[in-house]
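A.B. asks: Sequence:
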Amino acid sequence: MKLFPYGHATHPQWQMAAALVLAQLRAQMALHGYAANPTLALLYITDHYANAAQDILEYLGAELPLITDWSGTVGVGISSNNVEYFDEPAMAVMLLELPSDQYRVFSGVAPLGLGFEAHSALVHGDGSTPDITELVYELAHRTDSEFLFGGLSSSRRASVQFAVAGDGNISGQGAATGVFSGGLSGVAFGPGVGLVSRVTQGCKPVSKVRTITAADGNLILQLDGEAALDVLLADLHITLDEPQEALQIVRATLVGLAGVDGEPVRQTGNFGNDVTVRHIIGLDPARRGVAVGEQVQTGARMAFCQRNMQAARADLMRICAEIREELEPQEMPLQTATALAESELEAAPHPARRIAGAIYVSCVGRGGPHFGGASAELQLVRRALGDVPLVGFFADGEIAHDHLYGYTGVLTVFTT
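Going by this note's numbering, the sequence shown wraps up at 417, each residue one higher than the last.
Careful, some of the hints might be misleading.
Said to hold, decoys possible - Pairwise CB distance ranges, derived in the manner of DEER restraints: (1) Pro244 x Tyr138: 55 to 65 Å; (2) Gln245 x Gly62: 29 to 39 Å; (3) Arg288 x Leu21: 23 to 33 Å; (4) Pro66 x Asp236: 54 to 64 Å; (5) Ser129 x Leu21: 28 to 38 Å; (6) Gly374 x Arg27: 26 to 36 Å; (7) Gly218 x Ile250: 23 to 33 Å; (8) Thr416 x Thr178: 44 to 54 Å; (9) Ala28 x Gln298: 48 to 58 Å; (10) His142 x Val261: 47 to 57 Å; (11) Gln307 x Pro100: 19 to 29 Å; (12) Gln298 x Thr416: 29 to 39 Å.
It is worth saying that the hints were derived from the structure and are not from the lab.
All C-beta atoms in this analysis are idealised placements derived from N, C-alpha and C, irrespective of residue type, glycine included.
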């Protein structure tokens, strides 16, 4: 598998940004080691361009006639290698050269499972779709590995997804334009496409792990047999006698939930991959309960947590190190060893790194400011993973495995 050409740009006029992106793509396609005949494109735009989504897709499609399949979505922010574009007009494109029998673009009008056995899938979703969590779970269990990666669109304008399948319109698709709203879309991959993916958490536990011993819907009533509200007040060292101070601290506190058999906190003190972080949406003094933005069940494990820059940086570095370790063979030729040993600031993308391209989906609540400065999150990825082709977006919810997460990052690489 060759390196995936990619490009990114910002400009008040989408036509100018598209021209800059196309120039980068064409220059890379002419380089040795880069894919020269890609057929699949991933397109991410910020919501400044959302109302022009159809025009952008048609323009890029005409300029890149080799590309028969498109997938992507919109975000209030998008990302590429070493840079993020937040709250500004921008787009990023990556071109993938994969065997035609090893991927399939799907959408609401061309559902997954029609003549294609999916091993895994990149998924874009609309958070306003009813029962979106259940849809993600169902889709995951229609793949052989039960593994999804991706996220929910984030937009202050139209919430759009791109989905164009090169095998043409199928029954029920009609005159679909390739730009959709609602539901799920994305790209399903066959077993011949090598992927390595990790989830990074951005919160730090501020209490010990407890078991939910009584609950009603999304209201936690008891933790380890004690009234949930009393436990919350004790853990956060606050009192309702000082409501303003207490309210400020509660608003900054989240809940990390794991399943009945899950263990929310690693030995390192950080959250594990099976944890979903949800907001505290209310307190019930009458029932001494704590309401959270998720249906909870008796027996589940949980811990109160808060967003933490140091924890987020350390965990992001951890998943990058795990990916590199998984990709590095025990015995490697001199070319591979030399490429991996080069300074990250000097090394260009190289096939010897065994990463053809990467997709990074991060929470809208993360990004540079949460990591210490503009583009700091993407700079950390580059520093840890190396200089690799990368595109992505900032989501209203991140998808990994069969879960819908919050305050996380999902980093997935295509292996050569």
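A.B. asks: Indicate, hint by hint, whether the structure satisfies it.
C.D. replies: Now for the hints, and whether the structure bears them out:
1. Pro244 x Tyr138: 55 to 65 Å: violated, 38 Å
2. Gln245 x Gly62: 29 to 39 Å: Check failed, 55 Å falls outside 29 to 39 Å.
3. Arg288 x Leu21: 23 to 33 Å: violated, 57 Å
4. Pro66 x Asp236: 54 to 64 Å: Once the Cβ atoms are compared, 59 Å apart, the range 54 to 64 Å for Asp236 and Pro66 holds.
5. Ser129 x Leu21: 28 to 38 Å: Holds, since Ser129 and Leu21 (Cβ atoms, about 32 Å apart) stay within the stated range.
6. Gly374 x Arg27: 26 to 36 Å: The hinted range 26 to 36 Å holds for Gly374 and Arg27, with Cβ atoms some 32 Å apart.
7. Gly218 x Ile250: 23 to 33 Å: holds, 25 Å
8. Thr416 x Thr178: 44 to 54 Å: violated, 34 Å
9. Ala28 x Gln298: 48 to 58 Å: Because 53 Å falls inside the window, the suggested range holds.
10. His142 x Val261: 47 to 57 Å: Taking Cβ atoms as reference, His142 and Val261 lie about 19 Å apart, which means the hint is violated.
11. Gln307 x Pro100: 19 to 29 Å: The hinted range 19 to 29 Å is violated for Gln307 and Pro100, with Cβ atoms some 46 Å apart.
12. Gln298 x Thr416: 29 to 39 Å: holds, 37 Å
Violated hints for the displayed structure, listed by number in ascending order: 1, 2, 3, 8, 10 and 11.
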